[in-house]
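Trainee: Take a look at the letters that make up each chain.
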Amino acid sequence: MSTRLATGGRLIDRSARRRFTFDGRAHEGYAGDTLASALLAGGHTLLGRSFKYHRPRGLVASGAEEPNALVGLGAGARFEPNQRATTTELFDGLQAVSQNAWPSLDWDVGVVNNAFARFLPAGFYYKMFMHPRPLWKHLFEPFIRRSAGLGRAPSERDADRYEHFYAFCDVLVVGGGIAGLQAALAAGRAGARVILLEQTAHWGGRSPVDGVRIDGGPAEAWINAAVQELDGMENVTLRPRTMGAGVYDHGYVLGYERVGDHDPAAEVPRHRLWRIRAARLITATGALERPLSFAGNDVPGVMLASAVRDYVVNWAVSPGDRTVVVTNNDDAYRTALALKSAGLEVPAILDARPRAEGELPEMARAHGIRVETGKGVAKVRGGRHVTAVGVCAQAGEGAVLEEIACDAVAMSGGWSPVVHLWSHCGGKLEWDAAQALFRPDPDRAPTGHDGHPFVATAGAASGALQADRAMADADENMKNVLQGIGRKSPSRKPPKVESAEEAPLAPVWQMPQGAGPALRAKMWLDYQNDVKVSDVRLAAQEGYESVEHTKRYTTLGMATDQGKLSNINGLATLSQALHEEIPQVGTTTFRPPYTPISMAAIAGEARGPVFQPLRRTPMHEWHEANGADWEPVGQWRRPYCYRRAGESRRDAVHREVRNTRNALGLLDASTLGKIMVSGPDAERFIDMLYTGKMSTLKPGKCRYGLMCDENGFLMDDGVCARLDERSFLCHTTSGGAERIHGWMEDWLQCEWWDWQVHVVNLTEQFAQVAVVGPNARNLLERLGGIDVSKETLPFMAWTEGTLGGFRARVFRISFSGELSFEIAVPASEGRAFWERLVEAGEGFGAMPYGTEALHVMRAEKGFIMIGDETDGTIIPQDLGLDWAISKKKEDFLGKRGMERVNMTSPDRWKLVGLETLDGSVLPDGAHAPAEGLNANGQRNTQGRVTSTYYSPTLGRGIAMALVHRGPERMGETIAFNVPGRTPVKAKIVEPVFYDPKGERQNV
Amino acid sequence: MARKRYSVFAVAREALRGHTGWPRAWASPEPRARYEAIIIGAGGHGLATAYYLGKNFGITDVAVLEKGWLGGGNTGRNTTIIRSNYLQDPSAAIYEKARSLYETLSQELNYNIMFSPRGVIMLAQTEHEVRGYTRTAHANALQGVATEFIGPQRVKELCPIISLDGPRYPVLGGLWQSRAGTARHDAVAWGYARACSDMGMHIIQKCEVTGIRSEGGRVTGVTTTRGDIGCDKLGVVVAGHSGRLAEMAGFRLPIESIGLQALVSEPVKPCMDVVVMANTVHGYMSQSDKGEMVIGGGADGFNNYTQRGSFHNIEQTVRALVETFPMISRLKMLRQWGGVVDMTGDRSPIISKTPLEGCYINCGWGTGGFKAIPGSGWGMAELMARGHSPLTEAFGMERFREGRFIDESVAAGVAH
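In order, the protein sequence lines correspond to chains A and B. Here the first sequence is numbered in my numbering, starting from 2 and rising by one per residue. Here the second sequence is numbered in my numbering, starting from 161 and rising by one per residue.
It should be emphasised that the hints constitute simulated quantities derived from the structure, not laboratory data. Check each hint, because a few of them may be wrong.
Claimed, not checked - No farther apart than 20 Å at their CA atoms in a straight line, the calculated lysine to any residue pairs in the SDA-like style are these:
hint, chain 1, residue 1, chain 2, residue 2
1, A, Lys489, A, Pro454
2, A, Lys480, A, Ala446
3, A, Lys889, A, Ser576
4, B, Lys366, A, Ser576
5, A, Lys497, A, Gly218
6, A, Lys138, B, Gly279
7, B, Lys429, A, Leu140
8, A, Lys988, A, Glu932
9, B, Lys366, A, Lys889
10, B, Lys429, A, Glu142
11, B, Lys450, A, Asn114
12, B, Lys429, A, Tyr126
13, A, Lys896, B, Glu174
14, A, Lys523, B, Ala306
15, B, Lys450, A, Ala149
16, A, Lys986, A, Ala936
17, A, Lys494, A, Asp469
18, A, Lys138, B, Asp449
19, B, Lys366, A, Gln585
20, B, Lys393, B, Pro515
21, A, Lys889, A, Arg704
22, A, Lys986, A, Gly881
23, B, Lys257, A, Asn941
24, A, Lys138, B, Leu318
25, B, Lys366, B, Ala193
26, B, Lys450, A, Glu648
27, B, Lys215, B, Lys429
28, B, Lys450, A, Leu136
29, B, Lys257, A, Gln939
30, A, Lys138, B, Arg561
31, B, Lys429, A, Trp108
32, A, Lys523, A, Arg385
33, B, Lys450, A, Phe120
34, B, Lys257, A, Ala936
35, A, Lys702, A, Gln585
36, B, Lys450, A, Ala446
37, A, Lys138, B, Lys429
Produce the entire structure from the sequences given, and follow the hints as far as they go.
Mentor: Now the structure itself:
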């Protein structure tokens, strides 16, 4: 029975009690406990259920590698599934619930899967559930989905806050054990900017638990001194509770800081994502112990030897009263000694090696512990908890020599360096046969932008498992790193570390060696996903020989622990099944993050209204206060219309159109792209960008222009104004401003880098208002200051001056067909200018109008809209815009593209207008079928609607469309398909529906 | 190798004898000196090509050469979405062919590829997108692809975890294809491989092609790390490395190779039955049978072969999805990964003859090739066997010279 020991526990504070609940029942622990240690202290050895067979699961580990003890934490808007109990610090009021069990953890009906386990081997689902076909969707799959999954999904919007930090450093050290501390000390003393991350709340790693002595004293003393020294250095940043999560190209490293998880009451962000750019990264990430593969190694009570030691030493928790230790190495003897000195029984140490005569085994014997060499576990007895182990010869087939009653088993199959961060960005591994582990190959390190290695390792992460070697390794590797970044390392000897000398391990991938199928079907590799030795062997038998195939076929290492305990054992099992060497089999790919990180931390502060930048025009608040019905346009918000009391959207749009056509409309056109192009080569540049010839434009004049991509496809349009000899102001579409600016820079920086042209995106520097309608000139004249008469400021001219006291540029251009001026004023004066126009316009019937009225009016005039008439496949000729393409210019972007055979084909679909015979409005995007089917059995088509509106001006539906040889078919009637309804007939007409001669705008 | 039929009865029988009787799913033969046809690349598209060469044209003297392990490229790295709601006729034809073949592929291959027609919604979050998807729905109706434009309430019914209101981009509706869905990606490659092997074809893994041999402008074979192998016809189906193979064959391709990323969350109990794609905010998500939320990220802005990618793409995608599905905020990212996608100028594939006679190429599936595998294999096999195929006709590489693009970018958004 697991329980709290009367004394000891280096991390707990017995004076500070912490209350929490597990599955609704009240429990108590101490400050410094993890949820795992507190539950274990409370006698909880059953903490979860496995994924596939719903087998009972208890703690195996004590840290980030734990695969079993996953719980749901918190409630409501703070509920989080799949949280590891081993990395959850206990706090007062913590609420935890078990998961993947129904109706309860103790009585889980899902365990029926376990009874059928022999029918559910690796990949069973690929071989069945195929007949009858509909049952997959309606029966089998829903059943599988319900029994799969782990925790319950949260259902509410997250109540917590998250943030991002950015940092730069010379040396980033990940891991705060003695190797990491030593590395950070060396770098810090050399004056480098250092960041040291440690994923737990404590410094020093395993050394204090393992009884390591440094500089003649206990490790803890040296650790405290080291942390104190580092803390005192201005060039060093220490971050506990921060995990090195991922490594990316060019020294970009993610840190995941759990700021508030252990103290939800604090007013801090829950998580903080660190984005660190490091010149050098040192992974001092230690090593993880491997389980042994024997039958029943998944029964609750069977734990890693190091974890047993951790619970005893760190938290004063005994996993059991009688613990059998089973090992293939010396290190696990430390666990036996720790248990013994805590007053607990160790009935036997089963050592698979033929001999065990090192310092630690001798100490164990000296403490009176029975040591059996050449022995292993044949099988573990017990269902929900260990009751005994059957002992067998490791060299045999599993005949039980004796049974030893016990309530816990501490196992150790050796150690594997944590190589994840090393591997994320391309670091390669080498197989160390003597220690039976993969370790980073320093000759094949990840390289940075300069081709030099940017990651190094320190300590156990390098494969230097013994504490004294780990310290020496950290010291030496750090010297090289400092040299690499031009820092002189202080000539100081590394601290003297005393650690028991360990004899080599003997690799044991299966216990016993000759175990048959019955035992192999009970040897777990992946505890969470229920992958056994027999499954990996089945995969090999069926030809899933690549380690990636085996992984994917069996789901080995695909659980939430990503195979931290199972990968090496799994691939060793595979290599045995294939009769290949382990390095030939290789590993699967290590991918970020090291352990799962919250989506919320990745999103950071960018959530809710600020999840993307919100762009507002200077008049935004006025619109808001005056009934704006907003429409997102890229990152902008634009009024779709301004609704008055009792008005529908449609009513409002029609009112705005009619008012603009009959009196005066005001449009906030500030979102319109405004890009200034200037310099000695501006003419040449602008002539390459636009299809038309712009260089002939005189200062003071404007011209409509088209921009195409290299393929000749129309990408943007707008009015270009010549400001002076060397400068042009290019108006782009609202959505196109950034793209076109980037497009210009792309050409200037990559292709025409020797042209003397300067491009500035002035979109947000100016507020712009379109003053539109028969009364437009009257309004401007009332403001006064600029002569806007027909003679002085004719159509397609612009001027600047002071208008009503505002510095302004007035462009005489029109997108509505009405008399229209677009007036740009400095953005800071935009709101005041707008209000002035509204106020002065009252007598002229001025009303603001929104984007929809804008669209309706441009469609009435047959003006194209980028994104409606174009979709990235349309050339200007398709839209009857041949007039805007220069025939004289030698070259412009898209010219060559337009000359290709398919572009010049007479069979292209071209722009026309449509009038429905019944006056109705055609549906958006409706297609006109043609006779017959194509070679693939699809209906042939002859046209499609690109824009369609009810025209309040004309009192009927109007549409623009692209129709096969459209302009040649004026007057013809074609039918448009409307699913579920009779086709709508429409007559092909000119696309200009209103004022075709342009008399209204030229007044 | 005698094929052992997979069924619940076979599983039960084997269970009683410890599963010792399962044969290899596919053989592991030594390469012969020559084959009638060689396919380079044992991904989904390559294996499907081989399968339909055998099934539809009786050509079984076929080797599929793979430099790594079969299904190890983008077939095993994608987000498993299958849909055919494309805008342009040639795209709709090949994707719908693929989708309809997927419907019965488990039964045909006797390998459960877990095609699950759970339905795909492409969200419309701006007026512009509403118009765009309405247009696609109209086009699909005439192409024989069953889609419909649905309103926000129906979106919410189909996917209760979605946030309709924004705050930034309210859901205005969506394009819904109810017979679209997902499948188990690895199983597609494995199922085809098993069926090909069963027809006597050779799937040769760990066999990298290092050169393409020809005589008088006609392909004669390949040079590999396992020796020279002759052939009459050669199909190059290697996705991200197409440019390198084309170089060996002596021609150039209008292809760029770019890293594309994806990620999954830890598994949770079922909370999302449909696939949702949100192109305005750039993200899409579905829930796998295992319970993981499967999320597609964006493509890098620079060309590379690293199969990794930059973190900012992940960040952008996750941000968009936390906004769209607020409940994922407290889920955790379990794993992110990357693949190399081969992108053409119009974002549509190339399935084509090449300047080297007898050599055919199938590439350029960009960010969305998984969904096309059966249709792509079907068409490519017909092209190789007969010299032409209605399904692939529009996808010839000469289209770039002719300006005959099949541009889906307007309808498909960024990644799919």
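Trainee: All hints are to be evaluated individually against the structure, with a verdict given for each.
Mentor: Okay, the hints, checked on the actual structure:
no., hint, result
1, A:Lys489 x A:Pro454, "18 Å, holds"
2, A:Lys480 x A:Ala446, "17 Å, holds"
3, A:Lys889 x A:Ser576, "72 Å, violated"
4, B:Lys366 x A:Ser576, "17 Å, holds"
5, A:Lys497 x A:Gly218, "10 Å, holds"
6, A:Lys138 x B:Gly279, "11 Å, holds"
7, B:Lys429 x A:Leu140, "17 Å, holds"
8, A:Lys988 x A:Glu932, "18 Å, holds"
9, B:Lys366 x A:Lys889, "58 Å, violated"
10, B:Lys429 x A:Glu142, "13 Å, holds"
11, B:Lys450 x A:Asn114, "16 Å, holds"
12, B:Lys429 x A:Tyr126, "19 Å, holds"
13, A:Lys896 x B:Glu174, "68 Å, violated"
14, A:Lys523 x B:Ala306, "49 Å, violated"
15, B:Lys450 x A:Ala149, "5 Å, holds"
16, A:Lys986 x A:Ala936, "27 Å, violated"
17, A:Lys494 x A:Asp469, "13 Å, holds"
18, A:Lys138 x B:Asp449, "11 Å, holds"
19, B:Lys366 x A:Gln585, "12 Å, holds"
20, B:Lys393 x B:Pro515, "13 Å, holds"
21, A:Lys889 x A:Arg704, "17 Å, holds"
22, A:Lys986 x A:Gly881, "23 Å, violated"
23, B:Lys257 x A:Asn941, "18 Å, holds"
24, A:Lys138 x B:Leu318, "16 Å, holds"
25, B:Lys366 x B:Ala193, "17 Å, holds"
26, B:Lys450 x A:Glu648, "50 Å, violated"
27, B:Lys215 x B:Lys429, "40 Å, violated"
28, B:Lys450 x A:Leu136, "18 Å, holds"
29, B:Lys257 x A:Gln939, "12 Å, holds"
30, A:Lys138 x B:Arg561, "45 Å, violated"
31, B:Lys429 x A:Trp108, "19 Å, holds"
32, A:Lys523 x A:Arg385, "15 Å, holds"
33, B:Lys450 x A:Phe120, "19 Å, holds"
34, B:Lys257 x A:Ala936, "13 Å, holds"
35, A:Lys702 x A:Gln585, "73 Å, violated"
36, B:Lys450 x A:Ala446, "35 Å, violated"
37, A:Lys138 x B:Lys429, "17 Å, holds"
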